[in-house]
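Trainee: Chain residues, written in single-letter form:
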Amino acid sequence: MISIQVLLVFMIASAAIAVEANDLFASVIALGVLGLELSLACLLLKSPDTAIILLVLEMIALAVLAKAVTKQGSKPVRDLDPLSSVTFIAFAVLFVTICVKAFAGLPAFGSPLMKLGDIYASGAVEKTGASNIVAAVMFNFRGLDTLIAAMLLLLTAIGIVHITDKKE
Amino acid sequence: MNSKTAKIIARTFFSFSLLFGFYLMAHGHISHGAGFAGGVLITLAFLQVVIVLGKDAVSGIINRHNAKLVAVLGTGALLLIAALGYFYGNSFLSNYISTGTPFTIFSGGTAALFNIALCTGTAGCLVLIYLSIFKKG
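Listed in order, the protein sequences are those of chains A and B. My numbering puts the first residue of the first sequence at 1, with every later residue one more than the last. My numbering puts the first residue of the second sequence at 1001, with every later residue one more than the last.
Where hints are given, some of them may not hold.
Said to hold, decoys possible - Derived list of chain A stretches under chain B, where covered just means 3 residues or more per stretch with a C-beta under 8 Å from a C-beta of chain B:
hint : segment
1    : 53-63
2    : 129-139
3    : 151-164
To be clear, the hints were calculated from the coordinates, so they are not data collected in a lab. Glycine included, C-beta positions come from ideal geometry on N, C-alpha and C.
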């Protein structure tokens, strides 16, 4: 688990660079590094499906953001005024306090209750014939989730096409 | 983009990215990766060509009309596969095809078909979103 903790330190550092960097392009690159580290973290936590999707999506996001930033010209980000910094810190403290209280009630990390997961994991291969249990859950047990996710993606594309066509 | 190196790399890796995307799509129900990961990878293969070679150079194949067609066909196929469960199975989204032998390519029943439809829909939608946002190349 030490590797995850080391990775977490690097992730926090990348996120801090992405927020604090003066150059917008440097922020985009830091965001790309953060995505890569997140993908590595998923791989270490034995979730290769999520790692593949995160890695590939991060590449697309990086390409789109880099293109958008280079098109606009890399302008320095304006400095934050003291009032917004104080507000940010106040909300951050509030968020952390609520998170600590909320996470206190959860079962310990690594020992989940597995009420529904047990049903999925036991005999999923026999029931569905799909040897990748993640795919079996995605397309059989939780098929409606996947279907609505695909619809949502199409809806997003339709919305973007409508807005960009209207602008002309 | 005028870089010759970038052009050579984009041309070389286009087929590899596409092949890996199709592999993830076809083997989604057997090994890691599924329709969504495959679709995103296929999008990436097309986008690297669009970004490096320029939109006009590949507009014959990769254009908004084709992207719209693929997006609607993929998502429509997803709905159709789910709706056919009413007629051939017990309910909407039911697994009505023979589940086959696990760990072989012809297994998983509708999960394998879902993978292909989801991959097509995702690739179409993402390419369409990119082409709509960056219209001028």
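Trainee: So, for every hint listed, does it hold in this structure?
Mentor: Hint check:
1. With a cut-off of 8 Å between beta carbons, the segment 53-63 of chain A has 6 residues touching chain B; three or more are needed, and the interface restraint holds.
2. Under a criterion of three residues with beta carbons nearer than 8 Å to beta carbons of chain B, the stated coverage of the segment 129-139 of chain A is upheld, 9 such residues being counted.
3. Counting residues of the segment 151-164 of chain A whose C-beta sits closer than 8 Å to any C-beta of chain B gives 8, which meets the bar of three, so the coverage hint holds.
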